[in-house]
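The listed protein sequences correspond, in order, to chains A, B, C and D. If you count the first sequence from 1, position 80 lands on 80 in this note's numbering, and the numbers rise without skipping. Just add 1000 to wherever you are in the second sequence, counting from 1, and you've got this note's numbering. Just add 2000 to wherever you are in the third sequence, counting from 1, and you've got this note's numbering. Just add 3000 to wherever you are in the fourth sequence, counting from 1, and you've got this note's numbering.
Treat the hints as calculated values from the structure; they're not laboratory data. All values reported here derive from a predicted model rather than from experimental measurement. We treat Cβ as the ideally placed atom computed from N, Cα and C, and that holds for glycine. Among the clues, some could well be false.
In silico BS3-like links for lysine-lysine, alpha-carbon gap of 27 Å or less [claimed, not checked]:
1. C:2008 with B:1059
2. C:2008 with B:1054
3. D:3059 with A:8
4. B:1059 with D:3059
5. D:3054 with A:8
Derived, one-sided and incomplete: chain B residues facing chain A with beta-carbon distance under 7 Å [what the hints assert, rightly or not]:
6. 1084
7. 1090
8. 1093
4 protein chains.
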Amino acid sequence: MNFFTSTKTLTHEGTMRMLQAGIERAEQTGQPQCLVIVDASGEVSGELRMSGAKFLSRKSALAKAVTAASNRAPSANIPEGFRPLIAAATGGSVTGLPGGLPIMLDGTCVGGVGVGSGSGEQDIEVANAMLSAIGADTFE
Amino acid sequence: MNFFTSTKTLTHEGTMRMLQAGIERAEQTGQPQCLVIVDASGEVSGELRMSGAKFLSRKSALAKAVTAASNRAPSANIPEGFRPLIAAATGGSVTGLPGGLPIMLDGTCVGGVGVGSGSGEQDIEVANAMLSAIGADTFE
Amino acid sequence: MNFFTSTKTLTHEGTMRMLQAGIERAEQTGQPQCLVIVDASGEVSGELRMSGAKFLSRKSALAKAVTAASNRAPSANIPEGFRPLIAAATGGSVTGLPGGLPIMLDGTCVGGVGVGSGSGEQDIEVANAMLSAIGADTFE
Amino acid sequence: MNFFTSTKTLTHEGTMRMLQAGIERAEQTGQPQCLVIVDASGEVSGELRMSGAKFLSRKSALAKAVTAASNRAPSANIPEGFRPLIAAATGGSVTGLPGGLPIMLDGTCVGGVGVGSGSGEQDIEVANAMLSAIGADTFE
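Let the sequences and hints guide you as you build the complete structure.
See below:
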């Protein structure tokens, strides 16, 4: 019987690289963003609110990040009809809003990233740029 | 690289002028209101609950004010289909209820105002009167 | 048997007069303040954060105001040794910090006022000025 | 009467520079840290949890940062005897723990920085390095 198993976690070098990549892509799109990165337990590893981003998007970006880390899948994968119920049952922590992606490395989920302030497409584009910068899987 | 940028904030003279203007317009309409003013980061600068206003409208007026300040746009501009999801993901902070307007001065958002207790039209009318009293932009 | 009794409440004209008087006295002392006024049930009637006041003093000023309204006595009257326990038992709502005074009119408590950002003496001086402006009792 | 006044805010370039400087100094001291930066109203601009830092220090670092921003002074300046009462009255937002410093630029407070996971001396050293990196005042 195995009482322990090995896993991976993101270093703070990885967190900073992700934030920097997110800023650069958001500046290219012209839409300032709130960027949140959480670990596999949903605890915040890093976050940045860009100048001109919506400050309340910190909250939605956090919900997107923890949803993706918990589900090990993009936040927008939650079926539409299921979204209001699961949001209510989790005090708003689980959201179907687009812009939350898991940080997957060699099949292991090491956390989640959430991006908010833009359109769903912009949010996902920036989140993917953050994942790509550290060699993690990206999502369509 | 710029580490700092210049911006504007509302003085307490401005806050008091807004509250007084809101009271006067609300008395004209015959509908007592809860009035809330927040700064550009959503921190409350001033608020007033008029005699006869619904006391829980303090909460919705606050949500309207912070939504407008965060989005730099009227709270009612949030698309209808998006409202339940974004409200849940932000713990109720982002609302699509009418009556929240940003305080825009020369293109800079210095905060938000939220009005609640009346109909959507009454709330917006009072919020506009508060903006007009300090020379800020008004909204249709 | 009497199922109902008469009481008094502060009008919004009274609330605005108190806020204005608090601002004027605070400007005289040179210490910007957070001013909070609550009704006899502890619900906020009005508040103002002056330019240059400590923004977290909104929270302590609220605690002072509700403490005074609940106890129908100055917040600083709470015995020193009792303060930590009662604060813990009420989630921080009851505070022994000076600057909270009840709004007493002809022996009836119609609410409380809380002032914060200055020294205890400054806070009490401003709170008394707010009470005096509406003809309510003042406190030493 | 002036309804508006001018002020300064930190850009996200400034926030990132501060985080990077904090990481470098913390690595030199050998003590991983939680770093939090807030604006002049206490809203989080950026944060980073270093590998090996205490995850609950995110909370204390936030309290240190908002305390410093609200008081426009180091968190440790709060008199010892006053600390338990003011912490209780503000729901834990105001703390006397060392490691919170205001971001002062030419006499204007543009926010606060909070550092937590090390000794008080280590926390202050890292916070000062973050301030120095953007040309803001440092503190003894």
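Verification of the hints:
1. At roughly 24 Å between alpha-carbon atoms, residue 2008 (chain C) and residue 1059 (chain B) fall within 27 Å of each other, so this suggested pair holds.
2. Of the pairs offered as hints, the one joining residue 2008 (chain C) and residue 1054 (chain B) holds, with about 18 Å between alpha carbons and a cut-off of 27 Å not exceeded.
3. Under the criterion of a C-alpha separation no larger than 27 Å, the hint pairing residue 3059 (chain D) with residue 8 (chain A) is consistent with the structure, at around 24 Å.
4. Straight-line distance between C-alpha atoms of residue 1059 (chain B) and residue 3059 (chain D) comes to about 26 Å, which keeps the hinted pair within the 27 Å bound.
5. Simply put, residue 3054 (chain D) and residue 8 (chain A) have alpha-carbon atoms about 18 Å apart, close enough for the 27 Å limit, and the pair holds.
6. At about 6 Å, the closest approach between the beta carbon of residue 1084 (chain B) and any beta carbon in chain A falls short of 7 Å, and the interface hint on this residue holds.
7. The interface hint given for residue 1090 (chain B) holds, since its Cβ lies 4 Å from the closest Cβ of chain A, which is under the 7 Å cut-off.
8. Of the supplied interface hints, the one on residue 1093 (chain B) holds, with its beta-carbon coming within about 5 Å of a beta-carbon of chain A, less than 7 Å.
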